[in-house]
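There are 2 protein chains.
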Amino acid sequence: MKLVTYVNTFLNEQIKRTSNTLTQKTPEPKKRANLRDVAKVAGVSVATVSRVLNEPGVVKKDTLEKVQAAIDALKFVPSAAARAINSGRTRFVGALVPTLDNAIFARFLAALERTLSERQLSLIVATTDSDLEIEAEKAQSLVDIGAEGLIITGAAHSDALHDLLNRTMLPAIVTSFYDAENPLPTIGYDNAAVAQLALQHLADLGHRRIAVVHGPVHDNDRTRTRLSGLRALPWTGELTTYETEISHRGGAEGARRICSQPQKPDAILCLSDVVALGVLFGLQAEGITVPDDVSLVGIDDLPSSAVAVPAITTVHLPVSQMGEKAADALARWISDQERPSAERLEGRLMERQSAIPLRSI
Amino acid sequence: MKLVTYVNTFLNEQIKRTSNTLTQKTPEPKKRANLRDVAKVAGVSVATVSRVLNEPGVVKKDTLEKVQAAIDALKFVPSAAARAINSGRTRFVGALVPTLDNAIFARFLAALERTLSERQLSLIVATTDSDLEIEAEKAQSLVDIGAEGLIITGAAHSDALHDLLNRTMLPAIVTSFYDAENPLPTIGYDNAAVAQLALQHLADLGHRRIAVVHGPVHDNDRTRTRLSGLRALPWTGELTTYETEISHRGGAEGARRICSQPQKPDAILCLSDVVALGVLFGLQAEGITVPDDVSLVGIDDLPSSAVAVPAITTVHLPVSQMGEKAADALARWISDQERPSAERLEGRLMERQSAIPLRSI
DNA sequence: TTGACATATGTAACTAGTTTCATCAACCTC
DNA sequence: GAGGTTGATGAAACTAGTTACATATGTCAA
Chain V
1 MKLVTYVNTF LNEQIKRTSN TLTQKTPEPK KRANLRDVAK VAGVSVATVS
51 RVLNEPGVVK KDTLEKVQAA IDALKFVPSA AARAINSGRT RFVGALVPTL
101 DNAIFARFLA ALERTLSERQ LSLIVATTDS DLEIEAEKAQ SLVDIGAEGL
151 IITGAAHSDA LHDLLNRTML PAIVTSFYDA ENPLPTIGYD NAAVAQLALQ
201 HLADLGHRRI AVVHGPVHDN DRTRTRLSGL RALPWTGELT TYETEISHRG
251 GAEGARRICS QPQKPDAILC LSDVVALGVL FGLQAEGITV PDDVSLVGID
301 DLPSSAVAVP AITTVHLPVS QMGEKAADAL ARWISDQERP SAERLEGRLM
351 ERQSAIPLRS I
Chain S
1 MKLVTYVNTF LNEQIKRTSN TLTQKTPEPK KRANLRDVAK VAGVSVATVS
51 RVLNEPGVVK KDTLEKVQAA IDALKFVPSA AARAINSGRT RFVGALVPTL
101 DNAIFARFLA ALERTLSERQ LSLIVATTDS DLEIEAEKAQ SLVDIGAEGL
151 IITGAAHSDA LHDLLNRTML PAIVTSFYDA ENPLPTIGYD NAAVAQLALQ
201 HLADLGHRRI AVVHGPVHDN DRTRTRLSGL RALPWTGELT TYETEISHRG
251 GAEGARRICS QPQKPDAILC LSDVVALGVL FGLQAEGITV PDDVSLVGID
301 DLPSSAVAVP AITTVHLPVS QMGEKAADAL ARWISDQERP SAERLEGRLM
351 ERQSAIPLRS I
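Respectively, the protein sequence lines represent chains V and S.
So the first sequence is numbered by the UniProt record's numbering: it starts at 1 and just counts up by one.
So the second sequence is numbered by the UniProt record's numbering: it starts at 1 and just counts up by one.
Hint data in this document are derived by calculation from the structure and do not stem from the laboratory.
The beta carbon of each residue, even a glycine, is placed where N, CA and C say it ideally should be.
Incorrect hints may have been included.
To give a feel for the contact side, a few chain S residues facing chain V, derived at Cβ under 8 Å [as the list claims (entries may be wrong)]:
| # | residue |
| --- | --- |
| 1 | Ser79 |
| 2 | Ala81 |
| 3 | Asp101 |
| 4 | Ala103 |
| 5 | Ile145 |
| 6 | Ser247 |
| 7 | Pro303 |
Sequences and hints are given; from them, build the entire structure.
Put into C-alpha cells, the structure is as follows:
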C-alpha cells in the first residue's frame with residue numbers, strides 16, 4: 001500500500017489518490033517498485049540500473065550512488081521471476097528425500113539447506129515416501145517449476161526419472177550412496193562397506209547367530225546394498241533377516257518377532273538407528289537385557305544412540321558433511337558447469353555399550 | 001542461442017544440424033520449447049495457446065486438439081518464471097521453523113508439504129535455529145524471491161519481521177501457537193493449556209514436588225507460554241525448572257542435574273518429548289526407575305514416546321493436522337484473499353506407563 | 001588537429017508468458 | 001436483408017528484467 005502510494009505520488013503526482021485510500025475498505029496489496037521506477041527516480045536508463053545490480057564496476061561512481069539512493073528510497077528488490085526469465089537462473093534446487101520423519105534425512109537436509117543458502121540458493125524439499133513413482137512425479141514438477149539442480153537419494157530410480165535427467169541433463173547428485181561407476185555423481189558412503197563394518201564388529205566380538213532388522217527393500221537400494229554387503233562378507237556365521245518399517249515402532253515389532261523365534265540370536269544388527277532404538281525398546285518390553293542377553297548394533301549414529309541406555313554401538317554416517325559436500329558440488333556444477341566427481345565418505349564404528357563379546361557358555 | 005538452433009531444426013527442417021552435433025564436444029543442454037514454438041507448430045497465435053493452457057473452455061474443440069498435440073509433441077511445459085512475472089503468482093510459500101532436528105517440526109512440515117502440494121504450491125523450508133534475527137533475514141529473502149505466503153512458528157518475532165509483514169501484507173500464518181488476539185491468524189494449540197494438561201495430570205496423581213525440564217526460553221515464546229501456563233495453574237505444589245537444550249542429550253543432562261539435587265522430585269514434567277526421552281535415558285543411567293522412583297510426563301507425543309519403555313505419558317499435539325490446516329488456510333488466503341481466522345487445536349493427554357500415582361510413604 | 005580507442009550511458013530488442021482489444025464469421029431477430 | 005449478438009481467434013501491448021548495439025564523451029598519441 002505505502003509503496004504504491006509512494007510510487008504513484010512520486011512518478012505521476014496523483015495526489016487525488018490519497019482520498020481514494022479513504023474509500024477503500026481493503027488496503028490494496030501494494031506493488032513493489034520495478035527497474036523502470038528506479039531508473040526514473042535516479043534519472044538514468046533501465047540499462048544503467050541493471051548494470052548497478054549486476055556489474056557495478058562499469059558504472060561511474062556518482063551515477064552508481066544516485067542509482068543506489070533510488071534503490072534504497074524505493075526499497076527496490078529485483079523480481080526473481082523476471083531475472084529467472086532472462087538468465088535462466090532460478091536460484092533454487094530441489095531435494096528428493098524419502099521422508100522427513102527419520103532424523104538422518106532431517107540432519108542431512110539441515111546441512112544441505114545451510115550450505116546452499118551460503119551459495120545464495122534456496123532449497124525446495126520434496127518427500128517421496130520411498131516410492132519411486134512419486135519420486136519421479138515430484139522430480140518432474142521440480143524441473144517444471146525451474147529447479148536448477150536436484151539432490152536425489154540413492155542410485156536406483158524409475159525409468160521416468162532417468163529419462164527426465166537424460167533429457168534435461170540437469171545437474172543432479174546422488175546422495176546416501178557411493179558408487180564411482182554411477183552415471184550421476186554420487187556423494188555418500190559405501191553402504192555395503194558400512195554394513196560390513198557393523199557386522200565385522202559383531203563377528204570380532206564372537207557373535208555367530210545374528211538377526212538383521214532392516215527397513216523395506218522395495219524401492220530402497222541403500223537397504224538392498226547394505227544387505228548384500230552383509231552377505232558378501234567372508235564370514236561363516238548365520239544371518240536371519242527381519243524386514244520391518246523404519247520407525248521406532250517397526251524396530252519394536254522386529255524385536256517381538258525375534259523373541260518369538262525358538263532360538264534367540266547372539267546379536268541383533270539393525271540397518272538404521274531408528275530401528276535399533278525401537279529394537280532396544282522392544283527387547284526391554286520383553287524383559288531382555290542389552291547387551292547381557294543380546295548385543296545390539298545400529299547404523300547411522302543418530303544423537304539418540306549416544307544417549308540411550310545402554311548407549312548403542314553404531315556406525316557413524318557423516319550426513320552433515322554429506323549435506324555440505326552435496327550442496328557445494330551442486331552449486332559449483334550449476335554455476336561453473338563443472339561436473340563433480342564421485343566422493344566417498346567413510347563410515348566410522350562408534351563402539352558403545354550395546355555390543356559386548358559373546359559370553360562363552 | 002541454443003534455443004535458436006533447436007527451434008530452427010524443428011520448424012525449418014535444417015537437417016544439417018545432425019552433422020553439427022558431431023562436431024560439438026558438449027552435447028548442448030537442449031532448451032525447452034516455448035509458447036511461440038507451440039503456436040507455430042499448431043498454426044495458431046500465442047494467445048490461443050495461452051488460452052488452451054488457462055481457459056480451455058473458450059477454445060474451439062479442434063483448435064484445442066491441434067494445440068494440445070503440439071504441446072505434447074514439443075513436450076512443452078510453461079515457464080514458471082514467465083508465468084510468475086505476469087500473474088505475480090510464484091506458486092510457492094516459505095516456512096520458517098526453528099529446526100528440522102526435532103521430529104515435531106519434521107512431522108509438521110511433512111503434513112504441510114503434502115497438503116500444499118495438493119494445492120499446487122511448493123514449499124521452501126528455512127530453518128532459523130531459534131534465532132529471531134536469522135528468522136527475519138530468511139523471511140526477507142523468502143519474500144525477495146517471491147514467496148506468496150509464509151508459515152511462521154510462534155507469535156513473538158523481531159521488529160524486522162513484523163515490519164516486513166506489515167509492509168508487504170503478505171499472507172502469513174502463525175503455527176504452534178494459538179491466540180485469537182494475535183494480529184496474524186494463529187493455527188495451533190494453546191501452549192499454556194497444553195502444559196497445564198500435563199501438570200494437572202501429575203497433580204491428580206498426587207505429585208507435589210515437580211521438576212520441569214524445558215528448552216531455552218530465549219527467542220521461544222512457546223516455551224515461555226507453557227511455563228507461564230504451569231505457574232498460572234491453581235495448585236499448591238512446588239515447581240523447580242531446569243532449562244536445557246531441546247535434544248536427547250539435553251534431556252539426559254537435565255536428569256543428571258535433577259539427580260544431583262539433595263531432594264528428588266516426585267515427578268518430572270518435560271515440555272517436549274525429545275527432552276522427556278532424554279530424561280528417561282538420563283534417569284536410567286543414574287539407576288533411577290521410571291515410574292517407580294519418579295513419574296515422567298512429556299509434551300508432543302512423538303512416535304518414540306509410545307514405544308519407549310516405559311511408554312511415556314504425554315500430551316498429544318496434533319501437528320499433522322496443524323500442518324494440513326495451516327496449508328489449507330494459507331492456500332485459500334493466497335488464492336481467494338480470504339484471511340483465515342484463528343484456529344485452536346486441542347492437546348490430548350495420552351496416559352501411558354511413565355506416570356503413576358505418588359506412593360504414599 | 002585529427003584519428004584511435006576506452007569509458008560510460010542510452011535505446012531498443014530480447015526472454016516467455018498473459019491480457020486487452022480488434023476483427024471476423026456465424027447466427028438470430030426484426 | 002440490415003443490425004445485433006455471440007464465439008473464436010489474432011495482433012500487439014504488457015509484465016520485469018537482461019543485453020546487444022549504438023552513441024556520446026574523454027583521453028592520448030601521431
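Hint check: 8 Å Cβ-Cβ cutoff, alanine 103/S to chain V: With Cβ-Cβ at 7 Å, under 8 Å, it holds.
query: When the nearest CB of chain V is found for alanine 81/S, is that gap smaller than 8 Å?
result: holds (4 Å)
query: Should the interface hint for proline 303/S be scored as holding, given a Cβ-Cβ cut-off of 8 Å against chain V?
result: holds (6 Å)
message: Let's test the interface hint: is any C-beta of chain V closer than 8 Å to that of isoleucine 145/S?
response: holds (4 Å)
message: Given serine 247/S as an interface hint, is its Cβ closer than 8 Å to any Cβ of chain V?
response: holds (6 Å)
- prompt: Is the interface hint for aspartate 101/S satisfied, with its Cβ closer than 8 Å to some Cβ of chain V?
  reply: Holds, because the Cβ-Cβ distance from aspartate 101/S to chain V comes to roughly 6 Å (cut-off 8 Å).
- request: Against chain V, run the beta carbon of serine 79/S and see if the smallest gap drops under 8 Å.
  value: holds (7 Å)
When held up to the earlier numbered hints, the structure conflicts with none and fits them all.
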